[in-house]
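Colleague: Sequence:
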Amino acid sequence: MRKLCLAMAMAGMLASGLAQAQSTLRIGLQDDPDVLDPVRARTFVGRIVFASLCDKLVEITPDLKIVPQLAQSWTVSPDHKVLTFKLRTDAVFHDGTPVDAAAVKANLDRARTLPDSNRKSELATVASVEAPDASTVVLTLSEPDASLLSQLSDRAGMMMSPASFDKDPGGKPVCSGPYQFKERVQNDRIVLEKFPKYWDAANYHFDRLVYTPIPDNTVRLNNLRAGDLDIIERVAPSDAKAVKDDKNLTLAPVTGLGFQAISVNLANGARANNPLAKDKRVRQALDLAIDRDVLNQVIGEGMFQPAYQPFPPASFAYNTAFEHKGRDPKKAQALLKEAGYDRVKFEITFGNNTTMQQVFELVQAMGAEAGFDITLRPVEFASLQSSLARGDFEVGQSGWSGRVDPSGNIHQYLSCKGNLNDGKFCDAGVDKLLNDARAESDNAKRRAMYDQVLATMQDQRPIVYLFYLPWTFGVQKKVEGFVPYPDGLIRLKGVTVAKK
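Numbering (mature numbering (1 follows the signal peptide of the UniProt record, and there is no 0)), first residue to last: -21 to -1, 1 to 479.
By construction, these hints were calculated from the structure, which means they are not laboratory data.
Model, not experiment: these values are computed from the prediction.
Don't take each hint at face value.
[As the list claims (entries may be wrong)] Here are the simulated DMTMM-like pairs of lysine to aspartate or glutamate, each with C-alpha atoms no more than 25 Å apart in a straight line: (1) 324 <-> 371; (2) 257 <-> 438; (3) 60 <-> 421; (4) 259 <-> 145; (5) 456 <-> 207; (6) 472 <-> 186; (7) 259 <-> 321; (8) 146 <-> 167; (9) 396 <-> 410; (10) 424 <-> 410; (11) 403 <-> 352; (12) 173 <-> 79.
With the hints as extra help, turn the sequences into a complete structure.
Modeller: Laid out in structure tokens, this is it:
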């Protein structure tokens, strides 16, 4: 377990910065990111690092409006099948090469075609990318895509230097954000340093950022309270009061866009040979075994919101008709008997942080009362992502930070070729509805299509949703200007430390 105090371990690294007014911002992460290549990355915490490392074509505001970043402006053709960006002309990559249209085209083409790209389904409607001049990028789509701009405000729109593609882009990323990569020690730290040639450098006030993964909620909080960290993400609900009561700290919560769920391995390798994969009644029984309200009260301290679908209540696609009556262990047992089982054994694979350990221990106890014998398999978060991708799970944790457009919360999880469809659910009718909804601009029509998808999901239960959760940050009071965003990312524009 990581020591409660990081000061001694970090002293040598930070000594030069601490000799001045604070020039290093120290951020505590719940998990260690996977690969630092936005095209291949899967983890949420990686996106927190990318927020300061890799600029995107467009950005979002705290109220979820899409605004310029590397693209200064954009236009959409009358048929909604051509998206044209005009790029800013003063942006450069960390290796000094220009962020021009040719570089943007190279990035988007790489994201669309790299064999292990996790952005393919996000850019599936992009038929071609052209760079008619140095500051113009033209995306021609196979069909209209209402979600594309929001996808380009995240990893699909992050730009890396094309000169780095054939080197080590995942280990030594070369991007164009306000901070450049300095070093990484796996499971210990990621260090970024300010990039002096950044086009908006005057609004970024730290010389160095240090991201430290600390899966244990208590240890992470203790480091914040001791002053060894400046910001921590995902304060545990049970710790929220302690942060509020600490005169040196501020609790900064914001309503999130994502969910926590569990996915069933239906057809991804040998471990799909399990009772849940073979009969939807077993999956329906598992869903009925779980009391989301108890998860909220016991683990979430009232901060979790029970979830039965991928869309958060703030989304136009959310439909209360798809909430169910709650836990029913007797009905769950009856469904198991219909399927030919007295009891069903299976394993849940999940990331080994404190909160999720508590969640799945409670799910384990609830399942036992409904006819399930559940084994828990906690793993490092990066290992979880690898296990899910290669099918080394029976039931696996599926946590999603959420996206502005509802397509971003469902398409890659349920479409047959979705990059996050780890359980390999595949239904041609669902695929058509998801694609049609993405192509439709009328939200009422889109919701009607999503309703049909939700009806199939509630019958088939490839994913069992557990709860929506807010993003809750703990921040030193001396840190000024920090604003939490609904996507959970830590943005540092304008953030400073008060002078003593």
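Colleague: For each hint, tell me whether it holds in the structure or not.
Modeller: Hint check results:
no.: 1; hint: 324 <-> 371; verdict: holds, 16 Å
no.: 2; hint: 257 <-> 438; verdict: holds, 14 Å
no.: 3; hint: 60 <-> 421; verdict: holds, 16 Å
no.: 4; hint: 259 <-> 145; verdict: violated, 45 Å
no.: 5; hint: 456 <-> 207; verdict: holds, 13 Å
no.: 6; hint: 472 <-> 186; verdict: holds, 13 Å
no.: 7; hint: 259 <-> 321; verdict: holds, 16 Å
no.: 8; hint: 146 <-> 167; verdict: holds, 23 Å
no.: 9; hint: 396 <-> 410; verdict: holds, 9 Å
no.: 10; hint: 424 <-> 410; verdict: holds, 16 Å
no.: 11; hint: 403 <-> 352; verdict: holds, 24 Å
no.: 12; hint: 173 <-> 79; verdict: holds, 21 Å
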